[in-house]
Amino acid sequence: MDDQIKNAEESFQIIKDMIENEKARFNENGFVYLFWGWLAIFCATLEYVLIFSEVHQHYYAWFTMLLGGLFMGFYFRNKKGRSSMPLTGKVISCLWISIGVNIFISAFLIPVTFGHLLLFFILAMIGVGTTISGALIRFSWLTIGGIICNILAFVTIFVPSIYWGVISIAAIIFADIIPGYMLRAKYRNRHV
Amino acid sequence: MYKELDPILHSPLRLAIISLLVKGGEFDFNTLKEKTGATSGNISVQLKKLEEAGYITIEKSFKKNYPHTDVSISKKGLTAFEEYVNSLKDYLGV
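Same order as they appear, the protein sequences are chains W and U.
When you number the first sequence by my numbering, it's gap-free, plus one each residue, and the end is 192.
When you number the second sequence by my numbering, it's gap-free, plus one each residue, and the end is 286.
Isolated chain U, as found in the complex:
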């Protein structure tokens, strides 16, 4: 019996964001945008969904009078990612 894949993570951009955060800890909005190649609007929407699920934390501040957004993974997000990877392993039989 295969486990259902987490629908929050089972989307290319959201999975890319979480993968980057697992690898790099935390990123600012512009770096995420640059690394994923997505538009600002799309990134914002996906970040909001991940934040609502409790998978990431977003901190907004100002740097040199410009708005600055830092995104980091939460413990819940890390656990969800681990479960997602384990489910994929089951699917692939590795």
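In isolation and in its complexed conformation, chain W is listed as follows:
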């Protein structure tokens, strides 16, 4: 009898998790993707401005992303506690924190060793993260955007670094901007 009650409780817990995951999908309004997408485009554009202004440390433009990371930290802290997040949200959150940390550390380490592979590594990480996020929230625009971002990562190996900004912008448009606006449109349709 106790086993039956336990099984029933477990079954209801599974259903509850399913409902929570679906609720999280409903509340996905694309803000995070749009925020990072536009910030990355701003950084890439700023870097070009610094390059053409003959500023030697033009890559400092990307440090603006750190401010984005701080803003996101506060945004999620105020929005919702991690403990109340559904499993999908927790997985996506962990995935992007580890990707962010890896990119941050690599940005310091790779230039002195394999500098020509820096953007490949960054875009490949973002591509994989975006593809997995898309699969987890079952949003094909995000999955396809991640795959395109991943393909563009390989393109960076074969082109001069002056084109990296343009490729970054293209990758971000596919991985963040388009899916972000599609998610926003879907969110608005559902909450009319």
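Derived by calculation from the structure, the hints in this document are not laboratory data.
Predicted model, so just to flag it, every value in this text is computed and none were measured.
There may be inaccurate statements among the hints.
Unchecked claim - Taking CB as the label site, the calculated pair distances span:
| # | chain 1 | residue 1 | chain 2 | residue 2 | range |
| --- | --- | --- | --- | --- | --- |
| 1 | U | Tyr-283 | W | Tyr-187 | 31 to 39 angstroms |
| 2 | W | Ile-157 | U | His-202 | 57 to 65 angstroms |
| 3 | W | Glu-54 | U | Tyr-258 | 57 to 65 angstroms |
| 4 | W | Phe-158 | U | Asn-278 | 54 to 62 angstroms |
| 5 | U | Thr-261 | W | Glu-54 | 53 to 61 angstroms |
| 6 | U | Leu-197 | W | Ile-105 | 52 to 60 angstroms |
| 7 | W | Ile-97 | U | Glu-226 | 38 to 46 angstroms |
| 8 | W | Asn-27 | U | Asp-262 | 18 to 26 angstroms |
As the list claims (entries may be wrong) - As a list, the in silico EDC-like pairs of lysine to aspartate or glutamate whose alpha-carbon atoms are at most 20 angstroms apart:
| # | chain 1 | residue 1 | chain 2 | residue 2 |
| --- | --- | --- | --- | --- |
| 9 | W | Lys-186 | U | Glu-251 |
| 10 | W | Lys-23 | U | Glu-218 |
| 11 | W | Lys-16 | U | Asp-198 |
| 12 | U | Lys-281 | W | Glu-9 |
Glycine included, each C-beta is placed from N, C-alpha and C at the ideal position.
Add chain U to chain W, keeping to what the hints say.
Just chain U now, kept in the frame of chain W:
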């Protein structure tokens, strides 16, 4: 005092459809038919009832010149399903 179970969801096929949609987000008509094992006519009738209740949204389009129907759960449907499950829990005392 037990809560009354939602009559829209308290039907095997409609509950099966909503459960599938909660689990999988959205499905096309043929997939729903395949997964539930119901006839096209029966599925159509139940989808109409769920749509009228505002529990699902139905989008009709054409794919390769064939009509295509996508079904997805609405927020109202998700809330109703959650309440239904909570009522069942009360009945079972878990």
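Hint check results:
In this structure the hint that Tyr-283 of chain U and Tyr-187 of chain W lie 31 to 39 angstroms apart at CB holds, the actual value being about 34 angstroms. Against the hinted window of 57 to 65 angstroms, the Cβ-Cβ separation of Ile-157 of chain W and His-202 of chain U comes to about 59 angstroms, which satisfies the hint. A beta carbon spacing of about 60 angstroms between Glu-54 of chain W and Tyr-258 of chain U agrees with the range 57 to 65 angstroms that was offered as a hint. The hinted window of 54 to 62 angstroms between Phe-158 of chain W and Asn-278 of chain U holds, with their beta carbons roughly 57 angstroms apart.
Checked against the given bound of 53 to 61 angstroms, the beta carbons of Thr-261 of chain U and Glu-54 of chain W, roughly 59 angstroms apart, stay inside it. At about 54 angstroms, the CB distance of Leu-197 of chain U to Ile-105 of chain W agrees with the hint of 52 to 60 angstroms. A hinted range of 38 to 46 angstroms holds for the C-beta pair Ile-97 of chain W and Glu-226 of chain U, which are about 39 angstroms apart. Between Asn-27 of chain W and Asp-262 of chain U the CB atoms are about 21 angstroms apart, so this pair conforms to the stated range of 18 to 26 angstroms.
Using a Cα cut-off of 20 angstroms, the hinted pair Lys-186 of chain W and Glu-251 of chain U holds, with the two alpha carbons roughly 13 angstroms apart. For the proposed pair Lys-23 of chain W and Glu-218 of chain U, the alpha carbon gap of about 14 angstroms is at most 20 angstroms, so the pair holds. For the hint linking Lys-16 of chain W to Asp-198 of chain U, the alpha-carbon distance of about 18 angstroms falls within 20 angstroms, and the restraint holds. As the CA atoms of Lys-281 of chain U and Glu-9 of chain W are separated by approximately 9 angstroms, the hinted pair is consistent with the 20 angstroms bound.
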